[in-house]
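Protein chains in written order, with my numbering: chain P, 442 to 1023; chain Y, 442 to 1023.
Everything labelled a hint here was simulated from the structure, so no lab data went into it. Here a beta-carbon is modelled for each residue, glycine too, at the ideal position from N, C-alpha and C. Hints are supplied without guarantee of correctness; some may be wrong.
What the hints assert, rightly or not - Heads up, incomplete: computed chain Y residues facing chain P, CB under 7 Å, no partners named:
hint: 1; residue: Y443
hint: 2; residue: W465
hint: 3; residue: L601
hint: 4; residue: S623
hint: 5; residue: D661
hint: 6; residue: E662
hint: 7; residue: E671
hint: 8; residue: A949
hint: 9; residue: L1002
hint: 10; residue: Y1017
hint: 11; residue: I1020
Said to hold, decoys possible - FRET-style restraints, in silico, Cβ to Cβ:
hint: 12; chain 1: P; residue 1: I705; chain 2: Y; residue 2: T498; range: 53 to 61 Å
hint: 13; chain 1: Y; residue 1: D663; chain 2: P; residue 2: E662; range: 46 to 54 Å
hint: 14; chain 1: Y; residue 1: Q946; chain 2: P; residue 2: R730; range: 50 to 58 Å
hint: 15; chain 1: P; residue 1: K780; chain 2: Y; residue 2: Q946; range: 50 to 58 Å
hint: 16; chain 1: Y; residue 1: S706; chain 2: P; residue 2: Q494; range: 30 to 38 Å
hint: 17; chain 1: Y; residue 1: P545; chain 2: P; residue 2: N821; range: 38 to 46 Å
hint: 18; chain 1: Y; residue 1: K703; chain 2: P; residue 2: Q1007; range: 45 to 53 Å
Number of protein chains: 2
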Amino acid sequence: MYRTHTCGELRLTDLNNNVTLAGWVQRIRKFGGMIFIDLRDRYGITQLVFNQQTNATLCEQANGLGREFVIQVSGTIAERSNKNPNIPTGEIEIIVSELKILNPSEIPPFTIEDETDGGDDIRMKYRYLDLRRTPVRANLELRHQIAFATRAYLNNLNFLEVETPVLVGSTPEGARDFVVPSRMNPGEFYALPQSPQTLKQLLMVSGFDRYFQIVKCFRDEDLRADRQPEFTQIDCEMSFIEQEDILNTFEGLTKYLFKTVKNISLPDFPRMSYAEAMNRFGSDKPDIRFGMEFVEIKDLTTGKDFGVFDNAEYVAAICAENCASYTRKQLDELTNFVKRPQIGASGLIYVRYEVDGSIKSSVDKFYTPEELKTWLDRANAKPGDLLFVLCGKREKTQKQLCELRLEMGSRLGFRKKDDYQCLWVVDFPLLEFDEELNRYFAKHHPFTSPKPEDISKMDSDPGAVRANAYDLVINGVEIGGGSIRIFDSELQKKMFKLLGFSNEQAQAQFGFLMNAFQYGAPPHGGIAFGLDRLVSIFAGLDSIRDCIAFPKNNSGRDVMLDAPSQLSQEQLDELYLKIKNS
Amino acid sequence: MYRTHTCGELRLTDLNNNVTLAGWVQRIRKFGGMIFIDLRDRYGITQLVFNQQTNATLCEQANGLGREFVIQVSGTIAERSNKNPNIPTGEIEIIVSELKILNPSEIPPFTIEDETDGGDDIRMKYRYLDLRRTPVRANLELRHQIAFATRAYLNNLNFLEVETPVLVGSTPEGARDFVVPSRMNPGEFYALPQSPQTLKQLLMVSGFDRYFQIVKCFRDEDLRADRQPEFTQIDCEMSFIEQEDILNTFEGLTKYLFKTVKNISLPDFPRMSYAEAMNRFGSDKPDIRFGMEFVEIKDLTTGKDFGVFDNAEYVAAICAENCASYTRKQLDELTNFVKRPQIGASGLIYVRYEVDGSIKSSVDKFYTPEELKTWLDRANAKPGDLLFVLCGKREKTQKQLCELRLEMGSRLGFRKKDDYQCLWVVDFPLLEFDEELNRYFAKHHPFTSPKPEDISKMDSDPGAVRANAYDLVINGVEIGGGSIRIFDSELQKKMFKLLGFSNEQAQAQFGFLMNAFQYGAPPHGGIAFGLDRLVSIFAGLDSIRDCIAFPKNNSGRDVMLDAPSQLSQEQLDELYLKIKNS
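Just chain P, with the same shape it has in the complex (with noise of 0.2 Å):
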């Protein structure tokens, strides 16, 4: 037996009894002939204790130690005179009697502390102790609460968690799929899911009624910070529900994890349409931890030989509370920040209004005081506000004034990590148009369903046409998202037709579930949230990396394993392949 406890329990109720533990050497500190030893493990640290004068012997191997050696001791509980209130193992050490070296260790290439020394190559080199790091497996430890939550709660509700599987057919529609040679059907590829969607489907078809499933998609995609090629979803499906079904299902879920992971207790959560959240924020997945809405003004700011506002579409303004006192230097800032080529503005626009009620405005040429106050007084503006105006294009410009309101908010602390407010966002548009390639695209997927009074519209006005599609928002961040599907095999030729497809092409692709459509499909839909993005959340991290245990750089790599690499000529030979040069 290598241990009777572990690092993180014992308590002073435990006084005097003989234990043995194992862990990591966290920390030595020497100190008038004594050995004092931090020892680690998942659980905690206790300290442990080598005295010089009662054993010389045992207090020379312990001088021996180094950081990170894996040792097992055995000894007998006493009280700390220099209690440690910050741990729960705090008023308790370790009077060591046995000192075992279970392996010894390297120095690391970094310290094993919650701040370390390393950069973000190194640890990810050296995952393996990274993840030593209580803050790193905390991240893991609430991914592992969270996962084990969602299936209580689902199974408490009747879904069954089925298994789809990660071989499946490539489909050319959405992003680019990882595909994987098959070696007994040559020349041949199986792809991995972008989603479970057509197979939960299949399973509603087959009379599954409920389905979920904690699993892991895949898409071949240009990364970034908080995109990796494989991701997980909490990915669920229901029969004979409508739209509120699943919405009060998942905010049930999302309230249930709040509580059961983190103590806290939510309010329902608001709604809000697309368009309404466009108008107001700027943005499908609005941050509501603060306001700062946006304010429409074209019509006040018109025919005033203002070139710029008289030829811009839309013209809009936010209010930030009490920052009239901005200084040259800070405005300079934020106009360099919207005109960053990612938001693309080509100037920002501010009216000071300062506390003695006098008004400045960088437009002041153009406009006098009392017009200026009556775009302030239409953004609520007090003395000491700060107005800043955008213009342009109307769905450009309310990009850029949502980066700005975001980057306000930040600056003004108004978003507060554990300050969660939750948002569903409903009616998003069926369909989304491409400019360049002048065509429609499911802005869901193919398979969302249009709402039934907008289904008249698919021929007149498909752009105008509104789908029982809903994304949950937290904190602006997009947990999840789903859709009332289409289950009427007519309604899903229109809309495959819409979206530019033969007969022959919809066959081909999507053959399968339209002919399980002919036998009896039952009314159906759900959601999908993203595990990575909603633990990222729960632990407050701004990147999804550092809440999955071995991650890939912004190159797709795992610089740890050295993945991917070339294969043998042999396995190359075995799957029909060649490389062609780049």
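Starting from the known structure of chain P, fit chain Y onto it as the hints suggest.
Chain Y only, in chain P's frame:
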């Protein structure tokens, strides 16, 4: 709202209530101006009644329904005059007042009944209809229950479920990998994991202490009935433990699953060494639901001028109780059985111990009844029993006799599906010698630890070294296996050397693990259960295929999705791949 209740929940206590149900038309019976419909959903079947006299229009509408139509009905609950005691809803029926067809259905290509008329191929092509059949769906419900209970048990013991990556590096050791070309790293490939073995060991190095994962694994092997290219493992690893801890923890899991899922209380599992299992049953996964153990009789048979036995390395018998009356035809059948190329015996010798005490044998030319009696005595045969004898090279003959024993066990009804006999097989050999390649292979895998007391034999007699490796066997099926791992980098190097790896090869393939061992690896070990096989044992199935929602056929094809398939030239170009002609 599509329904107030499911089709499985209404009882006599709900009498006279108005309800709305939705589901599939299972069966339609017309009888004296009445139409009776069995309405089916996942939860059960409820009888609907339409009465020509009270509502002719509705009855007319019901007349138009067909099998597998999806309908919604409202009506009142009435007591059935003709009760069906076989289903929980059999005491009531719904007097329908409203009927809505939610979706019609074509006539299905096979009947959706417990016993269907559909062959394997058509059921796989229309798997979504096959999954509507109660026994198939029940297998997947069972799978959900087993996975859910497994997680509950392990979570309770502080195991953390950690997701390991699906896109990893290729390791030539072991079975063939499925590979995934990387678009971002031209000419390089990921591999899909055959198991998370090395990653879970890294998690132990990271101090995760107790890890599990229910995880898809992949092997590009030629397929058989009980193999699939993708399969699911309950994968576990623990730190600071010995073999005994693993056996107890996972015997506990197995008992918990049988109790929770099937309400069966299992006694403690017997343990048997690999050597004993081979000697007594000729198998490392013996079916101990019945005896019929091997009896070696080489010493009793030698020197009687029967060259076949004299020249054989091994002569052994099994005793089939009460089979002395077997006919010539039965004996011929069994002789043909052992002579099949898959088994490969050259013949079968029998000794009949007649009820009257006389002895007859196919070798009574060579042996007197007294001599034959010594064989019978050693096998504890009683009058009325039948002895089968096989001979030849030891290992080959043991395998043949094992097959014969299992066949006899089946014929005699000793292998009941609901009789669950669990067994730990322990002390596996560390290495296996491959005559053809003239080298040792790891019996389990290269990370398995030799028994400490056998380490000294690694140089002198590698074949005799036993490993701290163990298998869980239920009813002759290997359900799980694992080992205590090497955690000392010197011992790991020695092991790789025994397996014929150069230092460079070992470093290239497993460098990340050997490096990790330099930084304080704890003693650790683990086990993996095959979930597919575990479910099939619980379900009493012969193949794993029917406990998988969307299995592949023997050519690795998903005939429903028609995967794998060819890629477009554009996709191939993006991946820098060319197909060679096969």
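Here is how each hint holds up against the structure:
At its closest, the beta carbon of Y443 of chain Y sits 4 Å from a beta carbon of chain P; the interface hint therefore holds under the 7 Å criterion. Taking 7 Å as the C-beta cut-off, the interface hint given for W465 of chain Y holds, the closest approach to chain P being about 6 Å. Among the interface hints, the one on L601 of chain Y holds; its C-beta lies about 5 Å from the nearest C-beta in chain P, closer than the 7 Å criterion. The interface hint given for S623 of chain Y holds, since its Cβ lies 4 Å from the closest Cβ of chain P, which is under the 7 Å cut-off.
Using the Cβ-Cβ criterion of 7 Å, the hint placing D661 of chain Y at the interface with chain P is satisfied: the shortest such distance is roughly 6 Å. Nearest Cβ of chain P to the Cβ of E662 of chain Y: about 10 Å, over the 7 Å cut. The hint is violated. Annotation: interface hint on E671 of chain Y holds; nearest CB of chain P at approximately 5 Å, less than 7 Å. Checking A949 of chain Y against chain P: minimum C-beta separation of about 9 Å lies over 7 Å; hint violated.
Taking 7 Å as the C-beta cut-off, the interface hint given for L1002 of chain Y holds, the closest approach to chain P being about 4 Å. Taking 7 Å as the C-beta contact cut-off toward chain P, the hint placing Y1017 of chain Y at the interface holds, the least distance being around 5 Å. About 5 Å separates the beta-carbon of I1020 of chain Y from the nearest beta-carbon of chain P, less than 7 Å, and the hint is met. Distance hint for I705 of chain P and T498 of chain Y: a CB-CB separation of about 55 Å, consistent with the stated range 53 to 61 Å.
Hint check: D663 of chain Y to E662 of chain P, Cβ distance near 34 Å, so the stated range 46 to 54 Å is violated. The hinted window of 50 to 58 Å between Q946 of chain Y and R730 of chain P holds, with their beta carbons roughly 55 Å apart. Taken as a hint, the range 50 to 58 Å holds for the pair K780 of chain P and Q946 of chain Y, whose Cβ atoms sit roughly 55 Å apart. In this structure the hint that S706 of chain Y and Q494 of chain P lie 30 to 38 Å apart at CB is violated, the actual value being about 57 Å.
For P545 of chain Y and N821 of chain P, the hinted distance range of 38 to 46 Å is not satisfied, since their beta carbons lie about 57 Å from each other. Distance hint check for K703 of chain Y and Q1007 of chain P: the Cβ-Cβ separation is about 49 Å, which falls inside the suggested range of 45 to 53 Å.
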